[in-house]
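In our numbering, the protein residues as written are 965 to 1192.
Mixed in with the good hints there might be a few duds.
Cβ pair distances, simulated, as ranges [stated by the list, open to error]:
| # | residue 1 | residue 2 | range |
| --- | --- | --- | --- |
| 1 | 1171 | 1098 | 32 to 42 Å |
| 2 | 1081 | 973 | 16 to 26 Å |
| 3 | 1086 | 1159 | 40 to 50 Å |
List of simulated lysine-lysine pairs, PhoX-like, C-alpha gap at most 25 Å [as the list claims (entries may be wrong)]:
| # | residue 1 | residue 2 |
| --- | --- | --- |
| 4 | 1054 | 1043 |
| 5 | 1086 | 1030 |
| 6 | 1163 | 1179 |
Keep in mind that the hints were calculated from the coordinates and are not lab data.
None of the values given here were measured: they were computed from a predicted structure.
We put the beta carbon where it would ideally sit given N, CA and C, even for glycine.
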Amino acid sequence: MTIKEQTAHWIWPSNGVITDLYGTRKGVHKGIDIAAEMGSPIYAVAKGVVSRSYYSDSYGNVVFIKHSNLFETVYAHLKSRNVFEGKAVKQGEVIGRMGNTGDSSGVHLHFEIHQNEWTFEKQNAIDPVMALGEVGIGKYVFADIAKSLEVSGRSQLQPQPNGQLPAAVNESNLGAGYQGNGEIVHSVKPGETLWSIAKRYGTNVETISAINHLKSNQIIPQQTLIVQ
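Construct the entire structure; sequences and hints are all you get.
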């Protein structure tokens, strides 16, 4: 199988703007950089086990995750880490918050993918676009959290904002809100606005904007928003 086939189910590790690509800086940049607001959530691109979680002078706060398909992913320069070594994580789980720690010149996530495992020389590093798709500097990417729901052949429980019993989430209502890591997340559907989403969940536009570090009221289909 190709790398793309093995990682077809992966999601982007963060919402944000691509600010640097693999192979720049005379070939020494072995990952991809995504910039967003300080404290933005960082997600596990796929399920796996945390192999390292620590602070280093270069990476700053950093999390490594080993995946069952023999890849290891690296999430660096975090403001904070939510996971510890040995913890099993689900795809889309918030493993930390975006920051500017270590050898970093601005708030961003530095993300790497390594075949088999990370090494100090990084000889196993691969270009993240081989797994996540082609992008360019200035491109906005979204962590498609809805993609991480396992809907094939079974349903999941959807928390209801009005306190009613949970409803099932399946292929017919996947755009509805669902809960992950204590947060209720909504996948934007065509025609929706921040106002309509806020009304649906009994909250307000200001709260949703603050939680998601939005600079404007403009949203697009398939964008993921934390609503509570």
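Numbered hints the structure breaks, given as an ascending list: none
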